[in-house]
Amino acid sequence: MSVDQLPLPAAALDDAGRAAAGPYPDWFSKRRRGRSLIVNPLVPAVMVGLPVLVIIAIVIYPTVWMFYHAFHDTNMMSLFTRNWQAVGWDNFALVLSSDRFADSVLHLLRYLLFGACLQVLLGTALAQILYEVVQSNALRIVLLIVMVLPMMLPPSIVGVLWKFLLQADNGAFNHLLIKLGMLAPTDRIEWLDADLALWSLIIADVWQWTALPLLIVYSGRVSLPPAIYEAARVDGASRWLVLRRITLPMLKEIIAIAFIIRFMDAYKFVDKVYVMTAGGPAQRSELPVFIAFQKGIREFQVGEAAAYAIIIFVVAAILITLFLQYLKRVLKAQGIA
Amino acid sequence: MARLELQEICKGFDEPVLDRLSLTVEEGEFFVVVGPSGIGKTTLLRCVAGLEVLDAGRVLIGGTDVTRIPPYRRRVAMTFESYALYPHLTVFENIASPLRARKADRAALERRVGEVARLLRIDQLLDRKPHEISGGQKQRTALGRTLVAEPDIFLLDEPISHLDAKIRHELRRQFHTLEELRRVATIYVTHDYAEALSLGDRIGIMGRGGLEQVGTAREVFQRPTSLFVARHMGQPSINELACELAAEGDAVRAVAGGGSVAFAVAPAHRAALNGGTGRLTVGIRPQHIAVLPEGAAADGRQIVEARVEIFEALGATGVLIAETGGVSLTALTSPDARFEPGQPIRLGLATDSFLYFGADGGRNLHG
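Those protein sequence lines, which keep their order, are chains A and B. Quick note on numbering: our numbering labels position 100 of the first sequence as 100, and the sequence is numbered without any gaps. Quick note on numbering: our numbering labels position 17 of the second sequence as 17, and the sequence is numbered without any gaps.
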């Protein structure tokens, strides 16, 4: 059958000028769909099945287990005797009404505001300085490596390091302040004491993680088209105007992504707390995740710990969903997604 | 309002790009720079704009030395080949950006942007973002951004090269008629010779290191100073025949293709060729080769027997590639003609219109 003899659509175009559906050539309705190229159907089943089993074992089963025990009075004893009672929402009520939890939420907010935000702000500023002010490429690379170094250390090691630096009696930090004359030689700042413990944690965290937003924003800045900046130079825009009108708006999404990453990390900020202050003194530097860890692994109050974990999970999920929606909206407005 | 003077400007990157280039563009002049890609046309514009620091030489705008002055104080405006629109700003804000940089007041800014947008017929697009408009509209937005600046010098870098043919013609007409552009000194860079011939009050053909020839459209097309210039003006491009001169009585014959194509040099050209013998390149524009029908009179043309290789009917014209004595010749014909490959034909060469270039360096021997 030659091309000329193929049955052509009778009414070729509809009102909108598009090709109307059917009638189509014979082969079109007779063609077999979904024919796979893999001979043995067991191959895809095994390839997909194994990872699914692993995920069920290490993610889904523990999650279901956690949800189950959040509604039971499970503790160490009852785990051994396999004897636990359903208590409804009691665990959640216990958590939400405890002062310890309320305090830890305030700590978390303070940590987010001064830790995560500061890291993103500092990182953005440093990225801009690195790109605009530092002229030599070699120097830029050296500075970048130096600034990224703290990020390569394990957080627990950073915690130990800063615990040493911030020792009241012979810590390097106090020593430095005395040398600089900002502190009387007989004075001591108790960095890890009740009032300052959370701030010390924040300082250590900013020291370690500012480089991440820096890297993200710097790479975003590098990828902005240079022709735009030349156009701005010909227009006569001042540095400040270029920053405010071109660079920051174009980096907005990148900065938001950097913030989301730091924000999500903030929820699992346990390691430094554990090493530097263990949540103390007097629970003054505790964060919700740390309490969940304490309750579950130390005290084996499994039910209460599960309630903590679920509350944290729900709040984080809501916030991150909001962030992602913001991101989607902005990207859509720019025609990227 | 000012004239632009370039005095022996030099700029090199890995190798010299602009080598002691001098040029004056008068106020109100539309100067087109044409040349192959990668030759330094954009570099020339960037030097004028102040985006590149000169290695030597001076740039004068309105008699003032601006060589060491940053771009925004030169009163120049430049469009970029990539348009360089701000992707996150609307068309309105893109056009307004030079005024924003100057801190113009709100009312004046809105009035001026509105004027320019109406002029360029993009006033219905002012709320759109660059990714929501077409290539031609982006180009107009970029042009609008330079127009609102009301500069002394316009620099346009390949403004319409990346658009499709229909819009290219439409915008070309716009460049003819835009008063704002025609009032001040403009340098327009393109690789398209037709754009250059169409738009330029004067045209500069850029070769390695600088401008090979500067002149009006007629001058550069009819009297190219070098083979390089002749090659870059005209489509299909000029036929080049490596020839040897042979004196023959009082006539001079040029012999190409190992002696198989020979023609008499027109009397008007003999003096320039020193009457003697020597190697040179003969340039023959395709429109100076005619296909003669059977039994037609030579009419002062040199007759050459040839064989058809390829014929392309291009709608308005036909392009015939014929072979004679091992030499390929391209001729312009009527598009209605029919030729079969291998068909023998008679070509009439208008020897009066031939161009003669020296074998070394390709200088035009008529001077």
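Quick caveat, the hints were computed from the structure, so don't treat them as lab data. Treat the hints with caution; some may be incorrect.
Computed cross-link-like contacts, DSSO-like style, restricted to lysine-lysine with a CA-CA straight-line distance of at most 30 angstroms [said to hold, decoys possible]: (1) A:179 - A:163; (2) B:129 - A:252; (3) A:332 - B:11; (4) B:103 - A:328.
Simulated restraints, written as ranges between beta carbons of each label pair [unchecked claim]: (5) B:102 - A:138: 57 to 63 angstroms; (6) A:142 - B:363: 50 to 56 angstroms; (7) A:330 - B:164: 54 to 60 angstroms; (8) B:132 - A:51: 40 to 46 angstroms.
We put the CB at the ideal spot given by N, CA and C, even for glycine.
Evaluation of the provided hints:
Distance hint between residue 179 (chain A) and residue 163 (chain A) is fulfilled; the C-alpha atoms sit about 20 angstroms from each other, no more than 30 angstroms. Note on residue 129 (chain B) and residue 252 (chain A): the hinted pairing holds, with a Cα-Cα distance of about 16 angstroms set against a maximum of 30 angstroms. Distance restraint check for residue 332 (chain A) and residue 11 (chain B): the Cα-Cα separation of roughly 43 angstroms exceeds the 30 angstroms cut-off, and the hinted pair is therefore not satisfied. Between residue 103 (chain B) and residue 328 (chain A) the CA atoms are separated by roughly 34 angstroms; this puts the pair beyond 30 angstroms, and the hint is violated.
The hinted window of 57 to 63 angstroms between residue 102 (chain B) and residue 138 (chain A) is violated, with their beta carbons roughly 37 angstroms apart. The hint said 50 to 56 angstroms for the Cβ distance between residue 142 (chain A) and residue 363 (chain B), and at roughly 54 angstroms that hint holds. Evaluation of the 54 to 60 angstroms hint for residue 330 (chain A) and residue 164 (chain B) yields a failure: the beta carbon distance comes to about 32 angstroms. Our hint of 40 to 46 angstroms for residue 132 (chain B) and residue 51 (chain A) holds, since their Cβ atoms are close to 42 angstroms apart.
In terms of the numbered hints stated before, the structure departs from hints 3, 4, 5, 7, listed from lowest to highest.
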